[in-house]
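Enquirer: As given, the protein sequences belong to chains W and D, one line each in that order.
Residues in the first sequence are numbered from 1 upward in steps of one, following UniProt numbering.
Residues in the second sequence are numbered from 1 upward in steps of one, following UniProt numbering.
These aren't lab readings, by the way, just hints derived from the structure by calculation.
Keep in mind that the hints are not guaranteed to be accurate.
As the list claims (entries may be wrong) - To give an idea of the interface, some chain W residues facing chain D are shown, with a C-beta separation under 10 Å as derived from the structure:
#, residue
1, Ala10
2, Trp184
3, Leu189
4, Gly195
5, Ile217
6, Ala280
7, Leu282
Unchecked claim - Some residues of chain D that are not near chain W, with every Cβ distance over 10 Å (derived):
#, residue
8, Phe24
9, Asp25
10, Gly39
11, Glu54
12, Arg74
13, Glu91
14, Gln143
15, Glu185
16, Asp220
17, Pro230
18, Gln233
19, Ser241
20, Tyr249
All figures in this text were calculated on a predicted structure; none of them were measured in a lab.
Glycine is no exception: its CB is placed at the ideal position from the N, C-alpha and C atoms.
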Amino acid sequence: MRFVFKTSYAQDIQLFRDRMDAFWYVLLAAAVALLPVVMSEYYVGETTWVFIYAICGVSLMVLVGYTGLISLGHAAFLGIGAYAHAFFIKHGVPWVAAVALAVVITTACGIIVGLPALRMSGIYLAIATLAFATIIQEVFSRWESVTHGFAGMPVEKPVIFGVSFAHDTAFYYLCLFFLVVSLWLTRNLLRAPTGRAWVAIRDSEIAAQSMGVNIAIYKSMAFAYSAALMGLAGALFAHKIAYLAPDIFTILLSIQLLLLVIVGGLGSLHGAVFGAIFVALLPPVIAILRDSIPATLSSVAGATGLSLFGAIGEGVGAFLRKPGVEAGIFGLILVLVILLEPLGMYGRWMKIRVYFSTFPMYKRATFKRQKTYMRSERLR
Amino acid sequence: MSFFKVDQLSINFGGIKAVDGVSFDVDKGSVFTIIGPNGAGKTTIFNLVSRIYEPSGGRLVFEGNDITHVPPHRVAKLGIARTFQNIELFEHASLLQNLLLARHAHKQSSFFSELLFLPSVRRMEVEHREAVEKVIDFLDLQQYRESLIVNLPYGVRKVTELARALCTNPKLLLLDEPSSGLNVEETEDMAFWIQDIKNLLGITVLMVEHDMKLVSAVSDRVLALNYGRPLAQGSPQEVQSHPEVVRAYLGG
Ligand SMILES: Nc1ncnc2c1ncn2[C@@H]1O[C@H](COP(=O)(O)OP(=O)(O)OP(=O)(O)O)[C@@H](O)[C@H]1O
Ligand SMILES: [Mg+2]
Numbered sequence: 001m002r003f004v005f006k007t008s009y010a011q012d013i014q015l016f017r018d019r020m021d022a023f024w025y026v027l028l029a030a031a032v033a034l035l036p037v038v039m040s041e042y043y044v045g046e047t048t049w050v051f052i053y054a055i056c057g058v059s060l061m062v063l064v065g066y067t068g069l070i071s072l073g074h075a076a077f078l079g080i081g082a083y084a085h086a087f088f089i090k091h092g093v094p095w096v097a098a099v100a101l102a103v104v105i106t107t108a109c110g111i112i113v114g115l116p117a118l119r120m121s122g123i124y125l126a127i128a129t130l131a132f133a134t135i136i137q138e139v140f141s142r143w144e145s146v147t148h149g150f151a152g153m154p155v156e157k158p159v160i161f162g163v164s165f166a167h168d169t170a171f172y173y174l175c176l177f178f179l180v181v182s183l184w185l186t187r188n189l190l191r192a193p194t195g196r197a198w199v200a201i202r203d204s205e206i207a208a209q210s211m212g213v214n215i216a217i218y219k220s221m222a223f224a225y226s227a228a229l230m231g232l233a234g235a236l237f238a239h240k241i242a243y244l245a246p247d248i249f250t251i252l253l254s255i256q257l258l259l260l261v262i263v264g265g266l267g268s269l270h271g272a273v274f275g276a277i278f279v280a281l282l283p284p285v286i287a288i289l290r291d292s293i294p295a296t297l298s299s300v301a302g303a304t305g306l307s308l309f310g311a312i313g314e315g316v317g318a319f320l321r322k323p324g325v326e327a328g329i330f331g332l333i334l335v336l337v338i339l340l341e342p343l344g345m346y347g348r349w350m351k352i353r354v355y356f357s358t359f360p361m362y363k364r365a366t367f368k369r370q371k372t373y374m375r376s377e378r379l380r
Numbered sequence: 001m002s003f004f005k006v007d008q009l010s011i012n013f014g015g016i017k018a019v020d021g022v023s024f025d026v027d028k029g030s031v032f033t034i035i036g037p038n039g040a041g042k043t044t045i046f047n048l049v050s051r052i053y054e055p056s057g058g059r060l061v062f063e064g065n066d067i068t069h070v071p072p073h074r075v076a077k078l079g080i081a082r083t084f085q086n087i088e089l090f091e092h093a094s095l096l097q098n099l100l101l102a103r104h105a106h107k108q109s110s111f112f113s114e115l116l117f118l119p120s121v122r123r124m125e126v127e128h129r130e131a132v133e134k135v136i137d138f139l140d141l142q143q144y145r146e147s148l149i150v151n152l153p154y155g156v157r158k159v160t161e162l163a164r165a166l167c168t169n170p171k172l173l174l175l176d177e178p179s180s181g182l183n184v185e186e187t188e189d190m191a192f193w194i195q196d197i198k199n200l201l202g203i204t205v206l207m208v209e210h211d212m213k214l215v216s217a218v219s220d221r222v223l224a225l226n227y228g229r230p231l232a233q234g235s236p237q238e239v240q241s242h243p244e245v246v247r248a249y250l251g252g
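So that you can see chain D by itself, here it is in the shape it has in the complex:
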């Protein structure tokens, strides 16, 4: 039984087959990367996995459970967290608040206990804070803790999104173009962090990425996609030199 299995996944938008019969298996503790030209359907796969879109065909199996039809807010609880291509942070809240929200899947307090802020709520809040602080230390975000997101530079926001996803304590982490918009140095940091997430935290990573240097550095397996259809799958080197992939990228 594989850790995360995507089986013949498909979705249509009107006439467009944005994702068309895509299958792959992600092994526990590995980094699996999806590459492909713009509009290939990479983000759509993520949206299908996080259940924002309803697939028109295929199955998603996570740790042996069929999650093809779970509601989107259950996905985090199952242990799947994600980042977004066009940063979706809570802009008018502090970085700390953003990360604390990610603890929502672990919330145990009832509405009325929160209304009175009972000691149990207080205790849970401190526990959440401790979990969040571990991630803050891990990603070196200490100095931005109290800043509002709107006042943070782009690179920091990108890291904050990664931090927020980690705060949910995921087993599977979906990263949508983690290096886009980052400079060379920031991209290198990102590569180290992804390796640490895999090796130190033992989190499985499913990633969409354009930067081939980053892809080769961190990926165990790569899937190339074009027009919603899989082109090739294998090690980073195999896929990069695959003739179909080369043709898709050169627009042949």
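If we strip away everything but chain W, and leave its shape as in the complex, we get:
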């Protein structure tokens, strides 16, 4: 077991809990930095998706996980960021300025979309943001002078201050850099009064208000900040996907982003990253299984002489090749997460951590909710 002795108040607002904690993060950073050396280019590309999705995850986590506002329109912010960025670099705006402009534009959209959120919540807000996303998608397909509509819009490779990031490995580091910056900035906000105000609004608007929180301002801020991160993610997304078309930024993508934060674990930044790993790596994992399961099982069949294995392998392979399987598996995992681990992958991770740090004295009951009695029950 490990105890953290606290000797000053400043210790509680550190970025890392203690030296050990910082050590693990440094180790993780080193591992992530070294990955491209040992991985093939294909996996470097797939991991880059994790970073981009993680920025989206952080964005949505601020809004959904911390402020308790739902959005079914985040793909639209991603699209606005992507198109704006692509448009500006096409017109010769330097890369950094183009990203900054894309972020400013999405932020402005975020504030506008946030306005109805001042009066709505829950399902009504979901529908309002959904409507926004539908309108924006229509704009993408109709505003051909900027977006080229369904003809699509090619995106040039990033060149920053004369340095080209065209190579997959270079782009990997670029995305990693922006993810780390996003995480750092968001963590800063969350340990400061702004983050507390967001959490307060999530848990009790009426109490937050009575403690001096201006609900309208802080909800708008949450929308604006979330949209800003989405704009940044959109710029990177545009380069990664290389060719923008209106049907990329659909409601399905919005839902996928929402699932990302739920599967990852609402209310934690770790959850945003875990969720991104899940969402970005599920398709390639399915692709690998699709090919490797029939192959392994048929070799098992060859070795043992049992043709049953071969047949099962063929069946699984054929099933995994069917269209829509990916979405199905995704949905199934989501249902299981909500049923079995409402705190998401982060919740599971915490339990595993506690298991090892208290070994061999782990009690399952540690994570059981204590039953508390409400007033009416007590008086009975």
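Chain W is fixed; fit chain D with the ligands onto it per the hints.
Expert: Same frame as chain W, now just chain D with the ligands:
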């Protein structure tokens, strides 16, 4: 000039006159209690004072300033804090986070300084923490500091709400049924704390309470209410023995 003055306060919900021409004065450093049967309009008065409801008539004057129309989030800054009848804590945050949020009215940092967590933000955070720790010591909450509210028993939550209100550094503290749902022992603690809040911290208390033992123990003045209308006002003994009040409670 009185410290806090409620003048001919009224509000209607549809046809119901939930509060109907209520006036009272709260003296600085006193404990003023509102009693009355269920649905008398006590909580509604609190919601009017904390500006959650818009009054249909009357005035609220705090330290000589008319606060009848200030926005609700300004109320804390003026020095008025409250607790809620049905505990309104931030359930999925730790007790410490709950109390730190109460320092919001004293926040000075800008969004961008927080984004970068500049040294000024760090300094303010430590200052807030020191203020919060004083309240934690005052109400003996040390052992629950890191617990999530959802995992705390009812009695502790009730004290946490009191602590949160104190963390705003109020001049006027509104307590909505501080003893409801507490056992005898917890209620006694609450009585001591209310006395300490008045005597040691010098905070004026406006309270709604059903437990007459607690009311008599701590109140300087009592107002009895029924159907939104004031019945009687005076010392705890006077009001308790007032014939109209007795009739209202016995349902006559
Ligand atoms: N938002 C509202 N809309 C409509 N009616 C309301 C509203 N708030 C309060 N009322 C009504 O106003 C009356 C007074 O309610 P209030 O909550 O102030 O009672 P109370 O004195 O606090 O009672 P209790 O002792 O049960 O807490 C009740 O009839 C209640 O139904
Ligand atoms: Mg009430």
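Enquirer: Take the shortest C-beta to C-beta distance between Leu189 (chain W) and chain D; is it under 10 Å?
Expert: holds, 6 Å
Enquirer: Measuring from the C-beta of Ala10 (chain W) to each C-beta in chain D, is the shortest one below 10 Å?
Expert: With a minimum Cβ separation of about 6 Å from chain D (threshold 10 Å), the hint on Ala10 (chain W) holds.
Enquirer: Would the hint on Gly195 (chain W) be counted as holding, given a Cβ-Cβ threshold of 10 Å to chain D?
Expert: With Cβ-Cβ at 8 Å, under 10 Å, it holds.
Enquirer: Would Glu91 (chain D) pass as off the interface with chain W, using Cβ distances and a cut of 10 Å?
Expert: Glu91 (chain D) not clear of chain W: closest Cβ-Cβ about 5 Å, inside 10 Å.
Enquirer: In terms of Cβ atoms, is chain W entirely out of 10 Å range of Pro230 (chain D)?
Expert: holds, 25 Å
Enquirer: For Glu185 (chain D), which was marked as not at the interface, is the minimum beta-carbon distance to chain W over 10 Å?
Expert: holds, 14 Å
Enquirer: Please verify that hint: Leu282 (chain W), Cβ, nearest Cβ of chain D, below 10 Å or not.
Expert: Check failed: Cβ of Leu282 (chain W) comes no nearer than 28 Å to chain D, outside 10 Å.
Enquirer: Beyond 10 Å on every Cβ pair: is that true for Phe24 (chain D) relative to chain W?
Expert: Consistent with the label, Phe24 (chain D) stays out of reach of chain W, its closest Cβ about 21 Å off (over 10 Å).
Enquirer: Taking C-beta pairs only, is Gly39 (chain D) more than 10 Å away from all of chain W?
Expert: The assertion about Gly39 (chain D) holds, with a minimum of 16 Å to chain W.
Enquirer: Please check whether the beta-carbon of Gln233 (chain D) is more than 10 Å away from every beta-carbon in chain W.
Expert: The assertion about Gln233 (chain D) holds, with a minimum of 26 Å to chain W.
Enquirer: Please verify that hint: Ile217 (chain W), Cβ, nearest Cβ of chain D, below 10 Å or not.
Expert: holds, 9 Å
Enquirer: Is the claim that Asp25 (chain D) lies outside the interface with chain W correct, judged by CB distances over 10 Å?
Expert: Per Cβ check, Asp25 (chain D) is outside 10 Å of chain W; nearest 23 Å; holds.
When each numbered hint is compared with the structure, violations occur for hints 6, 7, 12 and 13.
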